[in-house]
Every structure is written in structure tokens, then in C-alpha cells.
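Colleague: Listed below are the residues making up each chain.
2 protein chains.
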Amino acid sequence: MLQNQGREMMIVTSGAVAFGKQRLRHEILLSQSVRQALHSGQSQLKDMAIPVLEARACAAAGQSGLMALYEAMFTQYSICAAQILVTNLDFHDEQKRRNLNGTLHELLRMNIVPIINTNDAVVPPPEPNSDLQGVNVISVKDNDSLAARLAVEMKTDLLIVLSDVEGLFNSPPGSDDAKLIDIFYPGDQQSVTFGTKSRVGMGGMEAKVKAALWALQGGTSVVIANGTHPKISGHVITDIVEGKKVGTFFSEVKPAGPTVEQQAEMARAGGRTLAALQPEQRAEIIYRLADLLTDQREEILLANKKDLEEAENKGRLALPLLKRLSLSTSKLNSLAIGLRQIAVSSQDSVGRVLRRTRIAKALHLEQVTVPIGVLLVIFESRPDCLPQVSALAIASGNGLLLKGGKEAAHSNQILHHLTQEALSIHGVKDAVQLVNTREEVEDLCRLDKLIDLIIPRGSSQLVRNIQKAAKGIPVMGHSEGICHVYVDTDASVEKVTRIIRDSKCEYPAACNALETLLIHRDLLRTPLFDQIIDMLRVEQVKIHAGPKFASYLTFSPSEVKSLRTEYGDLECCIEVVDSVHEAVEHIHKYGSSHTDVIITENEETAEFFLQHVDSACVFWNASTRFSDGYRFGLGAEVGISTSRIHARGPVGIEGLLTTKWLLRGDNHVVSDFSEHGTMKYLHESLPLPQRNAN
Amino acid sequence: MLQNQGREMMIVTSGAVAFGKQRLRHEILLSQSVRQALHSGQSQLKDMAIPVLEARACAAAGQSGLMALYEAMFTQYSICAAQILVTNLDFHDEQKRRNLNGTLHELLRMNIVPIINTNDAVVPPPEPNSDLQGVNVISVKDNDSLAARLAVEMKTDLLIVLSDVEGLFNSPPGSDDAKLIDIFYPGDQQSVTFGTKSRVGMGGMEAKVKAALWALQGGTSVVIANGTHPKISGHVITDIVEGKKVGTFFSEVKPAGPTVEQQAEMARAGGRTLAALQPEQRAEIIYRLADLLTDQREEILLANKKDLEEAENKGRLALPLLKRLSLSTSKLNSLAIGLRQIAVSSQDSVGRVLRRTRIAKALHLEQVTVPIGVLLVIFESRPDCLPQVSALAIASGNGLLLKGGKEAAHSNQILHHLTQEALSIHGVKDAVQLVNTREEVEDLCRLDKLIDLIIPRGSSQLVRNIQKAAKGIPVMGHSEGICHVYVDTDASVEKVTRIIRDSKCEYPAACNALETLLIHRDLLRTPLFDQIIDMLRVEQVKIHAGPKFASYLTFSPSEVKSLRTEYGDLECCIEVVDSVHEAVEHIHKYGSSHTDVIITENEETAEFFLQHVDSACVFWNASTRFSDGYRFGLGAEVGISTSRIHARGPVGIEGLLTTKWLLRGDNHVVSDFSEHGTMKYLHESLPLPQRNAN
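So the protein sequences, as listed, match chains A and B.
Under the working numbering, read the first sequence as residues 1 to 694, first letter to last.
Under the working numbering, read the second sequence as residues 1001 to 1694, first letter to last.
These aren't lab readings, by the way, just hints derived from the structure by calculation.
Quick caveat, the model's predicted, so the values are computed rather than measured.
Be aware that a few hints might be false.
Unchecked claim - Pairs of lysine-lysine, DSSO-like flavour, derived with a Cα cap of 27 Å:
no., chain 1, residue 1, chain 2, residue 2
1, A, K323, A, K406
2, B, K1680, A, K495
3, B, K1680, A, K449
4, B, K1468, A, K471
5, B, K1471, A, K468
6, B, K1471, A, K471
7, A, K589, A, K542
Use the sequences and the hints to build the structure in full.
Modeller: What follows is the structure, given as C-alpha cells:
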């Protein structure tokens, strides 16, 4: 609760609620400016001498059923509440104003939440209230204006107006172009249409906006949000106070750059232009970017040094982080090589004809590859992701929103600048946008009308978070890699230790590293088995025993907690299986469908394994670590997907493409093809244009 | 609120809550058996003579802060609450038992919700309570047993036990095999493991299960569910009362068939066997099914007649419904033809090699097509969907769960029976499962561990509902089809009316029917324009005017409410554009990326349109209605997808496939490929095996 976090708040509430309305509509005033005041607990309260004020505060408390509800709710959190009834006249009379002000401040100081209401029974008919300052004259005729009045009077920092709509729209909600305005600047007021279709009325949007503008002019920021269906988990008020993007925020200050929505639209438009370029032109852009990476090396490394220094100053010296964060001449060189690879394969990506069919005479169908649209790539500390991902987006003609970690802000800035410089040679600078580091990832994940695919690049924790946050937008990635190596009875002694060592020890934190070693039962207590164990000991791999393996041993290593563990370290689980069938079953039950390997010299067993294991990558006599876009020859890797929809396994440019169908006819209508029609479907497959090898 | 729906309820609540715990843990007793009693409103209450009971009821009310909260909450719904404190002794003494029973019944009769609590302060130390009946002796030492005791005492129909876990698991939650048990039969008790890892303790799972079993034996059904994080929108208690699948339901009666989870597992296993068959074997199954559809025609039509009769008896005589529901010999014949088409294309679907790469010497990579896994197809009244969808799943080697409308239950039953008969010829009967009509679609949409793809086949409302319900499972389909025809200045007079008529009038309810007609401004007031309007008038198409079109006319038809309308009827919108560029912009802004058409004789303009319109299907001089899997030559259609991920546009078998990567090596490890290693990547593209034309 906010009050218990040391914030002070007042509630302005609709009187109608007390009379049986089932939905609460209330407005909340948060006063942070007075939060420096004593946070007096209950105990202190008793010791204080509170003469007149206490009496007034007490008199205000405990009237309607609504008050009982508030009180009971607040009691749960050891918070006291008090009711204040006000009328228009209370603001006219200077003495009354000061009294009200004093009461409210005193209540807040005593840690009591004032619940404020218009004294409906005694309120006079509405009239313009000429003593109020500002261009817009405001009258305390409804709760909105009352709240605004009080907010300014009490010098609060933030006024939250809750309603049953999401916030302010640029045109009547429900109309074709209606969009929620995230931040509203008074200067933009003309861009807002208050349609007759909007659900307005007394205390509706006009009144709310008017009250908000009035409060803003008085120095209080305002948020209008939906109090009935909180969009975000948790409570709408706490979300607003935590600075999440909820409703419409009224602000005097206009930010310098475009909003993320505008960036997404620029990326879409830029992407469409990019997609309409010739393949050679897209390749040119990528070659140019590759050149810039080496030509502008010094500048890039300088910016990178700034990031490293800032990270060190902040004391975040974790070595793996610094390693990921730091760029070097050799890193830039290999980046440039990777980019040139992408440039080559880009020539044959967009607009490739996948299928041609003669539907009927003079009616030809083509299925061609096209970009997906707008991609959002979220990456953590590695700045080298940026040019790589940009090159992939350019090659595939997609618009791109990039969201990097703030620890790499300087590096990302310069790399993005160079990307736009490369894009400029064909006038498509806007196709790749770097999203401001202030933007919350969660907010981006909610832009389902603007973003077609999200690609998180980083830890499995990042992927899991994004998968959770992305409502309605597909996410390409894998949250876990529980890879198996199965050692068959017919395994070659020489291959087993080599492949296992490479799979587990070459880079134990990788998602394609071995986690569970499955060993055929017949191999237990053979020299091969001892060799495996010796090798793992030498490499300092901590062994966990699966239940069956443990049961075969007199003294076994610690038993696994779960056969579904991704250790991501020099640790692995060993389990025993009776046959290749059981190995397949084990993998289906406990694996993550990422990469699974069989070591055997028996081709039949190997083919059974390759055929039956239902994973993205299934290997025979090769290390799990080959599961990678670059090693597969796909150019730079977009990611590894364990999804069964769209791309699966290591994903290169093709994973960033979709298709469209082009039908070229000559006055063709389907009714001609009816049973007694004049036309007949031919459905004749036509040869494809020659495809370049890549 | 339940109470206001005429249900009677009692609440057994933990006393700890009143002492400041922030999370409510309470148990609720719903008594439907006594719901036949007077539903006395507040007004009736006043007139009643309630001597002793009223006194006792009153005495029980209004004690702790918790009570104040309950009261305040209930007051919002005009419901009264009363507190009852009980101890173990109250059940020992026959007189006290009768008093308690009487009080509770009286309170319920008066529409007052009893809130029951153990009188913690005066409760004696726990001891077995020998006077209670049943195999398990139960003591009222905690709220669970108290609730069970009261439930049986009061002869309630349902006891809901809320906890902070989802329900009962078959093994300790968090362990590898832990699964929530939906329905628990006392006979299965041995299958449940109470691990030390489960979050149990006083009032934990053992106590709850024991209490539940005791109540079940006493004739009260029990649900144990999570009260803190309701899985389903709305409140967990209302969900349970509405019969939704929440938590664990304790029941005496074991259902006849397998659960849907078991069916999904059977479908997965069956699908894997199906995928491992030879392509010819899968084709054989489909040919067999096609034969059965015509051979067993009489039986099918008989079952279908039953459905039709039942629909008529229920008075649901809506003609379109009956039309969709009814089968005929000719429908079955064309179904069989479609199936044979699928059988042909099935020969080249699973296991097709899409890419071959020589990664290095003796290291070969192949990308092959594989089934997606388990599909859930939800279809409405059309029983002909069943064999069609089954054939597609069989052709693609996928396991299939079918969920049909209950109005077609008899037809679906026989068609599914025939499908399984066909599958039996290669021993894969279980690959296609018909889900019981009792199962809720929403429950199926939540089985994200068991189902890989959902395909709704039916109205756009169905698709929208499924898209909303499917949390974490991709849905293939389109919720709307706002298709455009753009008439260019260079359009041929003869083609325009023919193509527009076919696009709008041939089947106006189809998703690929024309909704918005875009006309180049230069065509206004030309004979061509008059011809279009005349044709639409003759065909009785109601015209709506876009804002620009309206502004050009003196007397215009009614202006459109939204340019994004899907009429699905003999209605369309006409809007004017200045150029092909503006047409493309309009389509991007208001379209649904389904199917858009240009009519022009100018090839350059046409190619611009084909290139730039970012929709699944873009046509030149052909009707929108060609946008269809059959017309495209894909065999029977899985659906039309407007998604940009995975399949797009009309989807045939290929949309039901994904790929896997097979790598065949000979002792290959990645460390050999490091900078100073002995191996080098070749990444040489190899020719593909010859593909059959389909």
C-alpha cells in the first residue's frame, strides 16, 4: 500500500457508490510534496496534542456504508481513514479554504487518509467560479474538478483520475483512427476530437480533461486511467506511481525524440521501402555497414570504453558481463565478416518464388517470400548484437526496433548511428530504430498492433520474461536447452569422450551444451564407461545421478533433483537406459526439444534415433555444440527456436520472412468454375526460377 | 454474487486473517440443497417473527476487523453476514449440534451469510473425534475439517476448499511428473504421493484431502482450488459453481472414457507412430477413409438425419445452420474427391528434404519436414470438416484432437468412427481423437503442454473467441476478412463489373468476399462508374459511402461508420482514391491483410500494386474469391491465415508441418573448428532430391 510506503494520499470519491452502485469510481490524490512530514505511527498519534483538528478529523469519519468499506479495507493495512464533505462554498470563503487545507494537512501528517466527497445534499447549483485562476475557469461541480481543485490547493505532485475508459483518445474511442494518447501536452489539444460517440456525460471526458488541464496549470501532473479493468497486473494506482505506462499522462514538458509508437510506424514505413529495393541495394547497405565497422573502429571502441568505464564505476565488475560488453578490433573484424556473409545470402531472400501454379488458362499463382513486417529485438549487454541483427533485418527487408541494455548505451548509440549511415545510401535510414533506454520492455511487448515478432537475444531468463510479457505478439526464441547425448552399445570408444567433452566443456553456459548423458546399461562397468567418468573428472564436471543410474551404484553421486535440469555450468546428469527406444522416450519426456545426439557406429540405430527423436536438432556422432546458425551455414544467427510454429532450430534470415500469394489473371471469376461453368481448374505445378546456391 | 443468484452459502474462515495477515484464506460452503427455502429479501425479513434464532444470529454478528470487512463487502451487494464461533465440543453434544444446525439454517433462510470460525481462544487440544462416522476419523481441529463437518451436517451439495496451491497433484508439486489432478476418485488414492517437498503443514494438503474425503463420504462433493491466484478470469468461486475446470474435484463417480489429457497423450503417441509410417501408408489410410465415406454413405446420412431432427425438435430451424449441418450424397462424393487429392499430396509432405549442406568433410546437414505434433481443431456445425481435417492431419503425420459442435454429435461420431477404422489398417487408430462434447473449449485452449497448434474452423466470432482463450498456444486462422477491389483508371470496362459481382455477390458471407470497393477519382461520373452502380443495384447490394466518396456526391448513400467494416452480407463500402499509391495506403490502413485486388490493363500499375500491397493474397484482374486452398490447388484447406508467422494465406498441408535438422557426422567436435583448429567450415549447398510435382 502506498500509504505504508511513506506516500501520502487523499481520495476523492463519488457519493453514488455509497448508494449501491457496484463499481467503485474514485479519484485519488497523491501528495508526495508533503511526504517529508512526519510519518507518525499509531503509537505516536496517541501522545500528540491535537486539539481542534482532531475533533474535526473525527467528526468527518464513519458515515456511510462506503466509508465502512474503506475503513475496513484500510484497517487490514493498519491505516486510518477519515471522511471530508465539501461544497463549492468551501472554496469561495478564504477562511473555509484555509480550514479545509489545514484539516487535510493535519490528517495527512497524522497518517490518516482523507476520503473527500462533495456534500451532495447541500451543494448549490453549478455556476462558473470566477475566483479560480487560469485560462479555463473551473467550478467544483463534480468530483473531477473537485479533485483538481484540491490537488492544486494542496500542492500535490500527482493527481490520478480513474474512469471507466483507458484514458484520452485522439478521436472518439471505437472510431477508425482512435488511439490512446500516452502523454498529452496542452499545446496538442486541438488534435483531440471529442466525438458524440465517446462515452461521455456529466463527469465524462471533457470534464476530466478540463480538470486535468486546470490542475496541470496549477503545477500538478495528472494521469487519467481506467480504474475498472487494470491493463497491467497489480493495481492501477501502484502501477501509475511506479511510473508504468498506464492511461494518459498530462505533462507540460514535451520530450525531444519520437515516441516508441512513432518509431514503430517509422520502422514499418522504412521497412516497406527497404523491401521494395532491389536485392543488390539491400546487400550494398550491409556491405557498407561492414566497412563502417572496421573503418570507424576507433570511434566505436572509444564509445565502448565509456560503457566499460561506467560499468566499472558502478562497481559492476562481474567478469562475464564485462566480457560480453567489451568490443575489440578482432570482434569488430569478425562481425564485419559475418555481415558480409549476410549480404551474400540477402541477395536471394526477399521476393524469392517458392511455388508457381497454373490455376487455369491465363491464371497464374505465385508464392513469394516477403518480410514479416516490424521486428522488435531485445538484447542484453552485448553491443555486437546490434549490427548483426540490423544486417539480418536489412537483408530480409524488415523494419526493426532495437532495444539494448542501458549498460551498452554508448556503444549502441554509435553502432546504430553507423547502421543509419549505411541505410542512408538508399534513403531508408528510418527502417532501423533504436528505442530509448527509458522505455520499459514490458510496454514494448504490449504494442501488438505495431510489432509482428519479438526476438529476445540474451539469457534464458530474458527469454522467459519476454515470453511472459508479450501478449499477442509471437516470440522467437528458446527459454531452455536440455540437450542429451546418448551413448549406444555400438559407440566407438574413441568418439565418445571427444564428443562428450566438446558437448559439455567447450562452453558449458551455452544453450546447446550437454546437460544429460544417457548411457546404455550394457556399458556400465566397461572400460568405456570408466573412460567417460575419468574424462569428466579431469574436466572437473560435477556429476549428478539419475534415479536409475543411482540404483546401479553402491556409492553414487548426489541424486538429481529433476531430470529436467539445465545446469549451464560444468555439471551434468548421468542416467542409464536399456535401449535406444528408452533413450528416445527419456528425451521426449525430459528434454526441451533443442538438440539431442546419438553416438553409435550402428547406422540402423542411428537412423532410428534421427527419425524418432522429436527435437529441433538431432545429430549422429557430432557434438551438440554444432547447433548454431553460423555453424549451420545460415550466416549470422537470428536465434535458436524451440517453437514448432514458424522457424525451428537455428534461425537465419529465412526465419524473418513470410510469404504472400500473387495471382495474375485476366478477368477470372470463380463462378465460371462452378459445376456447369465454362472453366476448369488445372492446378499445374510450374518450374521455379533457378535459385542461387547460398 | 452467488447469494443474489439464489444460492445459499456459508463461509468458514481462518481466524488468523483478522489479526493482520494480508491474504485471505477462507473456505466456502455452498448449500444448494437448502436453496429451495425461501429467498427472503430484506423487506420480507422485517415482517418475519424470528424469536430465539434472530437473537442468536444477531449475537453472532460484528466482532473482529475481519467481520467488519466481510460486512462492508457484503453490504455493497445488500447482503447481510453473521459470525458464528464454534468449537469441537459443539459437535460432541447432540443438543449443541442441533442448535448450531438450526441457527445456520435459519440464517440461510433469512438470506444471511454465516461466517464460521473456530473459537480459537476456547478450543480444546486436538483429539480424535470418535463419534464421527466413516472410515477416516475426523476431528474439528482445523478449518478444513470444520468445513467438512459442517458441510455434511448441513447436507450441502458442494464444499469449496480454497488454498494457496492449484489443487491436488499426483506427486509433490515441482517434481518432474507432478500433474494437477482434475478429478479425484477415492479409489485412486494410492496414486497420490504426498512428498515432503509439497507446501504442507497444519491445514495443508493432507488435512484438506482427508477433510475432502470425509465430506465426500458424507454425500458432499468437494473442490480444492487456489484462492489466491485465480487461473481463470473472474472469481474462482463463481467459476467453480459454473462448472469450470478449476482445481481438483472430488467425485465418487468415475467417468467412462479417457480424460482429454489422456486423449491428447494418445494423439501425440499415435501421431508419432503415424509420422514414422511410410508416405504410401499414410496415403493408403486417406484413400481408405475416402472409400468409407462413399461406401458407408447410408449409415452416415442416417446419423446426420438424427442430428437434423434433433436440431429441428429444438426449434433451431435457422436455415444457414441446417444447411451447414446437413450432409448429402453429393457432399460426401466431393468430400471423397478432396480426400483423394490430399492423399496424393501427402506422399511428398513429411520427411521432405528442404535443404542439404556439407558443413565440413563427412559432416552433412539436412533440414527435413516433420509434423508439428498435436493439433486441436475446433469446428462448428459442419460435420464434413471432420474427415477433411482428419485427412490433413494424417497426411502431415500429426496427432489430432477434434472438437465438434454438439449439434452434429451423431454425424461426428460416425465420421470419427470411420476415420479410426481407416487408421486401423496401419495400427494408428489413436492418432485422431474426438473430444467429448462436454469438454469446454476454454479448458482445451489451456492445455499448452499437450497441444501445439489450435485451428478454429468456423465463424470469425469463433476464431476471435479461441484467439482470446488460447493462452500460450498458437492459433492458426483469421478473425476478419476486409477485402478490397481497386478499380484503376486503366481498368477494362468488361472486367470490372464481372470481377466485382463475383467478389461481392457469389458468396457474400465468405471471408474472401469484397467489402470495400476503391475507385479511382477519374472514374467518377463515367459510364464505367454508372455500370458498377447499376450492377450493384441489380444484385441488391446495399452501398455505404466512404467519407471522400460522400463528399463528391450531392446525394450520397449513408456514410460508413468505419472503413474497417466486414459486412459479410450483400453490402459494401465505396471509397474514392486519387491514385494506386493512395489505394495501397488505404488498404494498409483499413484492411485486414487478407485479399486485395486491382483491376487494370496497365501492367506497370498492376505490378506496383502486387509488389506493394502487404496482404496475404494480392490479385490482378481476378476475383477475391480465388483466395482459397482448394482453388489454389493445395488440396483441402486447413484454413486461411492472416498471421505473419508460420503459414500465411490459404493453408494446405504445408501449414501443418515444421522442420527438424539432422546432422550426420563422424566424430566431429566444434573445438576442431576454432581459429587454430584442424577443420574448416565448407558450408557447401548440396542438390536436393528430386521433388514430385503436386
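Colleague: Determine for every hint whether it applies to the structure shown.
Modeller: Going through the hints against the structure:
Distance check on the hinted pair: K323/A and K406/A sit about 16 Å apart at the alpha-carbon level, within 27 Å; holds. Proposed proximity of K1680/B and K495/A is supported: the alpha carbons are some 19 Å apart, at most 27 Å. About 45 Å separates the Cα atoms of K1680/B and K449/A, which puts this hinted pair outside 27 Å; it is violated. Taking the CA atoms of K1468/B and K471/A, the gap is near 10 Å; set against the 27 Å cutoff, the hint holds.
Note on K1471/B and K468/A: the hinted pairing holds, with a Cα-Cα distance of about 10 Å set against a maximum of 27 Å. About 9 Å separates the Cα atoms of K1471/B and K471/A, which keeps this hinted pair within 27 Å; it holds. For the hint pairing K589/A with K542/A, the CA-to-CA distance comes to about 23 Å; that is within 27 Å, so the pair holds.
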